[in-house]
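Q: Sequence:
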Amino acid sequence: MSRHPAPEELLLDYATGSLAHGPALAVALHVALDPMARRMVERLAALGGVLIEGEAPFTQEGADLDEAALQRTLARLDGLAVEPRPAPYERPPGFEWAPAPLARHLGADARWRRVLGGFEEIRLHLPGDSHRVSLLRLSPGRGLPVHRHVGTEYTVVLQGGYTDATGNYVVGDFAVGPGPEQHQPIADPGPPCIALIVIEKPIVLTGPIGRWLNPLVRRDLI
Numbered sequence: 032m033s034r035h036p037a038p039e040e041l042l043l044d045y046a047t048g049s050l051a052h053g054p055a056l057a058v059a060l061h062v063a064l065d066p067m068a069r070r071m072v073e074r075l076a077a078l079g080g081v082l083i084e085g086e087a088p089f090t091q092e093g094a095d096l097d098e099a100a101l102q103r104t105l106a107r108l109d110g111l112a113v114e115p116r117p118a119p120y121e122r123p124p125g126f127e128w129a130p131a132p133l134a135r136h137l138g139a140d141a142r143w144r145r146v147l148g149g150f151e152e153i154r155l156h157l158p159g160d161s162h163r164v165s166l167l168r169l170s171p172g173r174g175l176p177v178h179r180h181v182g183t184e185y186t187v188v189l190q191g192g193y194t195d196a197t198g199n200y201v202v203g204d205f206a207v208g209p210g211p212e213q214h215q216p217i218a219d220p221g222p223p224c225i226a227l228i229v230i231e232k233p234i235v236l237t238g239p240i241g242r243w244l245n246p247l248v249r250r251d252l253i
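Residues in the sequence shown are numbered from 32 upward in steps of one, following the numbering used here.
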């Protein structure tokens with residue numbers, strides 16, 4: 032069980048298929064690495080199916096279903112079979128750590144590239160999604176540039192771990208935010224920290240040098 036699970040409302044959006052591709056991939060990786068999140072998504076998806084099958088015209092009587100009725104429905108879900116998972120995708124050499132939902136996005140030409148700031152990145156281009164979706168790799172003790180966010184950020188740790196002002200995150204942990212507060216994730220000792228980062232809008236660099244680079248960040252040049 033993750034110390035930092037994804038919010039339940041995000042898991043519900045994922046289970047109902049209402050997330051954009053980038054956030055959906057982040058949640059899918061969290062679900063693949065966290066058995067509790069996986070079970071929650073399976074229950075939410077099955078519950079949605081049960082409710083759709085039993086859909087009836089709205090009445091006040093139906094709107095007044097009590098907690099006991101909901102618990103009986105949830106109990107039924109424990110006996111429902113879960114659809115088999117598809118065959119795993121081939122992982123390119125060097126990406127053996129990649130969970131199955133990520134493997135399908137890693138072609139044979141997947142390569143880390145050095146980014147200004149001392150970390151490495153693989154950009155993932157998901158059709159029909161305006162989010163910036165990237166794999167980031169940080170060597171132990173190295174940090175991302177100090178920055179803040181003007182849009183939503185989703186992070187899921189795939190290898191190693193990192194620490195910032197909001198806490199310590201390890202494999203399977205999920206982070207949302209931290210919003211307008213500036214932060215600087217720093218990789219923990221041990222193996223390099225690898226995380227999937229999904230950003231709704233360009234970050235704002237707040238360090239003394241980073242401020243001068245914000246026009247390039249906004250234009251997606253770095």
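Note that these hints are calculated values from the structure, not bench results.
Don't take each hint at face value.
Stated by the list, open to error - As a list, the in silico DMTMM-like pairs of lysine to aspartate or glutamate whose alpha-carbon atoms are at most 25 angstroms apart:
| # | residue 1 | residue 2 |
| --- | --- | --- |
| 1 | Lys232 | Glu152 |
| 2 | Lys232 | Glu212 |
| 3 | Lys232 | Asp44 |
| 4 | Lys232 | Asp160 |
| 5 | Lys232 | Glu39 |
| 6 | Lys232 | Asp195 |
| 7 | Lys232 | Glu40 |
| 8 | Lys232 | Glu151 |
Q: Determine for every hint whether it applies to the structure shown.
A: Okay, the hints, checked on the actual structure:
1. Lys232 <-> Glu152: Distance of about 17 angstroms is within 25 angstroms: holds.
2. Lys232 <-> Glu212: 15 angstroms, holds
3. Lys232 <-> Asp44: 20 angstroms, holds
4. Lys232 <-> Asp160: Given pair Lys232, Asp160 holds - Cα atoms ~12 angstroms apart, limit 25 angstroms.
5. Lys232 <-> Glu39: Given that 25 angstroms is the threshold and the Cα spacing comes to 23 angstroms, the pair holds.
6. Lys232 <-> Asp195: Satisfied, since the Cα-Cα distance of roughly 20 angstroms is no more than 25 angstroms.
7. Lys232 <-> Glu40: Judged against 25 angstroms, a Cα distance of about 21 angstroms means the pair holds.
8. Lys232 <-> Glu151: OK: Lys232 and Glu151 at ~20 angstroms, within 25 angstroms.
Violated hints: none; the structure is consistent with every hint.
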